[in-house]
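Knowing the structure of chain A, use the given hints to seat chain B on it.
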Amino acid sequence: MQWASWAAFFNMGGYAFYVWFSFGFTALCLALEVLSLQKRRLKALHLSRLLAQE
Amino acid sequence: MIPWFALLATLFALAGLYVSFAIAPTDFQQGEAYRIIFVHVPAAWMSMFIYIIMAGWAGLGLALNARLSAMMAQALAPTGAIFTLLALVTGSLWGKPMWGAWWVWDARLTSELILLFLYIGFIALQSSIDDPRRADRAGALLALVGVVNVPIIYFSVKWWNTLHQGSTINMGAAPKMVATMLIGMLLLALAFWMYTIAVSLMRVRCIMLERERNAEWVQLLSGVKK
Chain A
1 MQWASWAAFF NMGGYAFYVW FSFGFTALCL ALEVLSLQKR RLKALHLSRL
51 LAQE
Chain B
55 MIPWFALLAT LFALAGLYVS FAIAPTDFQQ GEAYRIIFVH VPAAWMSMFI
105 YIIMAGWAGL GLALNARLSA MMAQALAPTG AIFTLLALVT GSLWGKPMWG
155 AWWVWDARLT SELILLFLYI GFIALQSSID DPRRADRAGA LLALVGVVNV
205 PIIYFSVKWW NTLHQGSTIN MGAAPKMVAT MLIGMLLLAL AFWMYTIAVS
255 LMRVRCIMLE RERNAEWVQL LSGVKK
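Quick mapping for you: the protein sequence lines, in order, are chains A and B.
Just so you know, we're using my numbering here: the first sequence kicks off at 1 and counts up by one.
Just so you know, we're using my numbering here: the second sequence kicks off at 55 and counts up by one.
In short, the hints are calculated from the structure, not lab data.
You may find that some hints are simply not true.
[Said to hold, decoys possible] Stretch by stretch, here's where chain B covers chain A in the computed footprint (C-beta under 8 angstroms, at least three residues):
| no. | stretch |
| --- | --- |
| 1 | 6-16 |
| 2 | 23-35 |
| 3 | 39-52 |
[As the list claims (entries may be wrong)] The calculated label-pair distances, taken between Cβ atoms and stated as ranges, are:
| no. | chain 1 | residue 1 | chain 2 | residue 2 | range |
| --- | --- | --- | --- | --- | --- |
| 4 | A | Phe-21 | B | Arg-188 | 36 to 44 angstroms |
| 5 | A | Gly-14 | B | Trp-156 | 14 to 22 angstroms |
| 6 | A | Ala-7 | B | Asp-185 | 53 to 61 angstroms |
| 7 | B | Ile-168 | A | Trp-20 | 22 to 30 angstroms |
| 8 | B | Leu-236 | A | Leu-51 | 47 to 55 angstroms |
| 9 | B | Thr-64 | A | Leu-51 | 30 to 38 angstroms |
| 10 | B | Met-231 | A | Arg-49 | 51 to 59 angstroms |
| 11 | A | Leu-51 | B | Gln-84 | 54 to 62 angstroms |
| 12 | A | Leu-47 | B | Gly-85 | 47 to 55 angstroms |
| 13 | A | Leu-42 | B | Arg-188 | 22 to 30 angstroms |
| 14 | A | Ala-7 | B | Ser-182 | 45 to 53 angstroms |
| 15 | A | Leu-35 | B | Arg-188 | 29 to 37 angstroms |
| 16 | A | Leu-42 | B | Leu-68 | 23 to 31 angstroms |
| 17 | B | Val-158 | A | Lys-39 | 34 to 42 angstroms |
Fair warning: this is a prediction, and the values are worked out from it, not measured in the lab.
Every residue, glycine too, gets a C-beta built ideally from N, C-alpha and C.
Bound conformation, chain A alone (with noise of 0.2 angstroms):
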């Protein structure tokens, strides 16, 4: 283990602010992509099923 306390694990050496941005705006950008693909998803089959009621 590196780290002497949770403390120092989130303080990351004084980098705390440019490791966690990095490593939370790529979290934020890959979930949100999925999500946006689920709801498109739904929408497609909602249409499709509005086609097949005609």
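The following block gives chain B in isolation, referenced to the frame of chain A:
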């Protein structure tokens, strides 16, 4: 197939993050800030790989007039653009503490920015043409011409004097870094690969549903049929 790739992506990501933060040692020069490498380098790799694969699918679609190939290219583009953006943003967050600047007009950074514009151009061009088959052909042409940029990015650190450092990992030579750092990076790169496969399959499924709305097989899908 999608849940399997999603599961693999999650597992590789957890293992990669564990190695990156709990096992890999502190860099003697850069302190803890170097840990950005674990997300920056895999994202930059993916931005180039995805472009090559996208151009490959686009070219195949153009040559064989295959609709599915063109749809695969279309499905990969947004994910490639996201990884390019991530490489740029994380690079910027790394550049600020280490170089003292968020951005410099260095050959590596500039060519990566051009890659982002190529992805955006591809997406915009395709969505601006109403006829999907014509959009596929126009997009494929743009994607193929843009491939020339990928070797420029890759070799930029050799061809020009760049502020961006040269590559630490070269094929055919021992990597100049500690094994645990390398493992962390490779695990996260694998996670991004699995993620890309899962997400592009999700997207191509949406594209098929949207394009083939009137086809009989869509009408018979369990999610559609009443």
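| message | Hints numbered earlier in the text: which of these fail when held up against the supplied structure? | response | none
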